[in-house]
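Enquirer: Read off the chains here:
Protein chains: 2
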Amino acid sequence: MFSSSNESSSAPKKVLVLGAGRSSIYLIDYLAKKALEFGWQMIVGDMALEPARKKTEIYPHVQAILFDVFDQKQREKQISQADVVISMLPTVYHIHVARACMRFNKHLLTASYVSSEIRELNIEATHKNLLVLMEIGLDPGIDHMSAMRVINRIKGEGGKVISYKSYCGGLMDRQSDDNPWNYKFTWNPRNVVVAGQGMVKYIESGQYKYIPAHQVFARAEQIDVHNFGKLEAYGNRDSLSYREAYGLNDVKTMLRGTLRPLGFCPSWQVLVRLGLTDSVHRIENTGSMTYRDWVKTFLSESDLPLEAQIASYLGIDENSEEMQRLKWLGILGEEQIGLPNATPAEILQHVLEKRWKLSPEEKDIIVMQHEFEYELNGEIKQLVTSLIVRGEDNFHTAMAKTVGLPVAVAARLLLEGKIQERGVQIPVHPDIYDPVLDELEALGIVFEEYEVVRQPVQA
Amino acid sequence: MFSSSNESSSAPKKVLVLGAGRSSIYLIDYLAKKALEFGWQMIVGDMALEPARKKTEIYPHVQAILFDVFDQKQREKQISQADVVISMLPTVYHIHVARACMRFNKHLLTASYVSSEIRELNIEATHKNLLVLMEIGLDPGIDHMSAMRVINRIKGEGGKVISYKSYCGGLMDRQSDDNPWNYKFTWNPRNVVVAGQGMVKYIESGQYKYIPAHQVFARAEQIDVHNFGKLEAYGNRDSLSYREAYGLNDVKTMLRGTLRPLGFCPSWQVLVRLGLTDSVHRIENTGSMTYRDWVKTFLSESDLPLEAQIASYLGIDENSEEMQRLKWLGILGEEQIGLPNATPAEILQHVLEKRWKLSPEEKDIIVMQHEFEYELNGEIKQLVTSLIVRGEDNFHTAMAKTVGLPVAVAARLLLEGKIQERGVQIPVHPDIYDPVLDELEALGIVFEEYEVVRQPVQA
Chain U
5 MFSSSNESSS APKKVLVLGA GRSSIYLIDY LAKKALEFGW QMIVGDMALE
55 PARKKTEIYP HVQAILFDVF DQKQREKQIS QADVVISMLP TVYHIHVARA
105 CMRFNKHLLT ASYVSSEIRE LNIEATHKNL LVLMEIGLDP GIDHMSAMRV
155 INRIKGEGGK VISYKSYCGG LMDRQSDDNP WNYKFTWNPR NVVVAGQGMV
205 KYIESGQYKY IPAHQVFARA EQIDVHNFGK LEAYGNRDSL SYREAYGLND
255 VKTMLRGTLR PLGFCPSWQV LVRLGLTDSV HRIENTGSMT YRDWVKTFLS
305 ESDLPLEAQI ASYLGIDENS EEMQRLKWLG ILGEEQIGLP NATPAEILQH
355 VLEKRWKLSP EEKDIIVMQH EFEYELNGEI KQLVTSLIVR GEDNFHTAMA
405 KTVGLPVAVA ARLLLEGKIQ ERGVQIPVHP DIYDPVLDEL EALGIVFEEY
455 EVVRQPVQA
Chain Z
5 MFSSSNESSS APKKVLVLGA GRSSIYLIDY LAKKALEFGW QMIVGDMALE
55 PARKKTEIYP HVQAILFDVF DQKQREKQIS QADVVISMLP TVYHIHVARA
105 CMRFNKHLLT ASYVSSEIRE LNIEATHKNL LVLMEIGLDP GIDHMSAMRV
155 INRIKGEGGK VISYKSYCGG LMDRQSDDNP WNYKFTWNPR NVVVAGQGMV
205 KYIESGQYKY IPAHQVFARA EQIDVHNFGK LEAYGNRDSL SYREAYGLND
255 VKTMLRGTLR PLGFCPSWQV LVRLGLTDSV HRIENTGSMT YRDWVKTFLS
305 ESDLPLEAQI ASYLGIDENS EEMQRLKWLG ILGEEQIGLP NATPAEILQH
355 VLEKRWKLSP EEKDIIVMQH EFEYELNGEI KQLVTSLIVR GEDNFHTAMA
405 KTVGLPVAVA ARLLLEGKIQ ERGVQIPVHP DIYDPVLDEL EALGIVFEEY
455 EVVRQPVQA
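Chains U and Z supply the protein sequences, listed in that same order. For the first sequence, the numbering used here assigns the number 463 to the last residue and increments by one with no breaks. For the second sequence, the numbering used here assigns the number 463 to the last residue and increments by one with no breaks.
Heads up, a few of these hints could be off.
Because identical chains share one entry, a pair is satisfied inside a single copy or across any pair of copies.
[Stated by the list, open to error] Cut-off 30 Å, straight-line C-alpha distance, at most; resulting in silico cross-link-like pairs (BS3-like, lysine-lysine): (1) 17 - 37; (2) 367 - 234; (3) 300 - 385; (4) 300 - 234.
Calculated directly from the structure, the hints in this document are not laboratory data.
Please construct the entire structure, taking both the sequences and the accompanying hints into account.
Expert: Right under this line is the structure:
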């Protein structure tokens, strides 16, 4: 049941996909096939026509258009003619799309976090019988859905969740030994560089816990991922805010973290301690500096060689893995930076994009693991569910698949009239997560699960 | 030559002092005596009538009033009737006073840093022949004036300043051994607690240097203050911005720092590393927490006693001076915090205000030192000037004297028509700093100076 003004039972449904970047390939593919099957119209718009054309050229029934989110007339025209809008645009643009969706009575789906601006549209969306479905990607997205399915199952059995830890990371598949970080960018590089710049909040054994930004990577923990091996996890900014959405207000432990290869976090902490991840302060003269000179600006003047000075300053061995990873990045070398008046984070991203670029034959991998403890019939039980998805190549990535497919599946369900939730939502309701997770399983995105009976509760 | 509208050669001059807090005692005293001598009218206004009355009761010719900066009518009435306005109000209120001064053509003096809002008044002030004299306290204030007198003298002799380091601190006079920090608050506690929360910028040997906020206290250096002894100094936020105002655009080294007792900075760094100085994030439930529980929220769950856990986490000895100072603060004890929903910095300030409170018999001390290197006739010379001012008691503090008297002296000179600078200014011009420093010397605020010939310049 759509409320859109131009809807009629005879007119074909129309889906508008905004953004044809790397994360849209599986999404477009899935929806294009469904559009053919159900006779829907489909338009894919992007700031550049080429990526939209490239991703749709094998589907003659899909129209690729140049779409400029800043062009209000075009924005409103395209949105007013659609039934369901998907925004895969950068997060900051969603609100402009969302406001147009409200104006023309259209449903909206995105894989991004609910911003306060988007949240404010809840009353209007509900009143207009519209769904603004946010956080329906991987993380956030699959994490919510897969966790909620387990949480509601435990509750349904009469159990009570007392601990919930959830980890997710986009990594490179282990194929080559040439990269001592065992890491390359498989997603937005900026998000990786500015990670951990706020205080981390979580709850552990009933105690609130706070980690100051500059200690987040120092406090990383080792996690054993089922059927995969050991990884490191650092805490996400706010693990407390989902307690209410998940119905876990009494949970004793709740922590959401990001996974990295072993050794990554202590090495990244070296960059943090040096000040190289700062995204606020602009550094003068970086245009004509070498990376080595730039790193020197974060140390006092010294007669020691830079390498020895860093090791001494940070109290690490000059031949430690951390120092070797630092050297491998090239930031102790004489290469020119070539970015004028940049922040440290911009410079770091600039050099990392060269070093951490997936080559065409390299594959990425998505790892997600939930760890539940719950009480059932007087026993404490532990349940672990984990997801491992491998990419096909550096274009058909596991990241694109796991971010894009949940959005596409939810859009398909919405176009079919199979989702009744309205207002600004995240996918924590069974009428969304059940059919989406079922379809994702059919598409090869499958969680494994194991449970261990641990110990009797002390009376 | 005043441009104020109600000025006539016969009417008595009128000075309005806003703010009768701790820092105003010497200022009011000095101006009250001058007002009597020159036949000026003087009004002292404060949000509370009592402090204004108390500081003016021995001067029947001075009027104490209740002054509410938020009461526009009163604000404009009082300011419109004055010739010179002094604002010793909290920094954020200066702009409201300054705008009224512009509107009614009045001069303004404050001891605070020039904000961007105040800077924007420069054209209007210049056009209206008004002086807005900012940064005419101790630091900023006496530091600018005493440095500029030396810098201009060196230039006048044909020399070139190549290095300028300046340090200032408000400390407690060493009288008792009961405080392992050798420190108590002699000034705004909040400024002490949130110090070092931005990146520090300076220049050393021609190289820009940046210290990330979380390393500022770790990078403190030991300074030997002439006729005083050793202190620690941590870098102030931006040492670069005064290069232009000081006429030192080619200086190779420029650093401004804050002085603390030996051992203070590494101990404060422990608080920083724990996350206890964060002034942004509010902590839930702090109203019912003990200090010990609060500190625990910044550490992971552990079976170790808290003291051992902190020592292990930070890599310091459990019996180290840092740990002893931490324990002395009482933040590892079971006392209730009693501040609901507070930031770590607010909680830390709350406990420090109890521990670091000057008792009536205790005295404060102001220490300032400038270190210059300059080239003259082919020689590199070093010049050190230093200032030590001791307080009389915990009311007649060295801080109140050195902050208030420069403002008062400059206001007196302005009322006498002896300062010709106009616009938004800081005291770097000889027609301000020369007469102010001369008068401060007569009032006992005297710099000592010594010079050492070091080494010939290598040709």
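Enquirer: So, for every hint listed, does it hold in this structure?
Expert: Right, here's what the structure says about each hint:
| no. | hint | result |
| --- | --- | --- |
| 1 | 17 - 37 | within (14 Å within a copy, 86 Å between copies) |
| 2 | 367 - 234 | within (19 Å within a copy, 59 Å between copies) |
| 3 | 300 - 385 | between (52 Å within a copy, 27 Å between copies) |
| 4 | 300 - 234 | between (35 Å within a copy, 28 Å between copies) |
Checked against the numbered hints above, the structure violates none of them.
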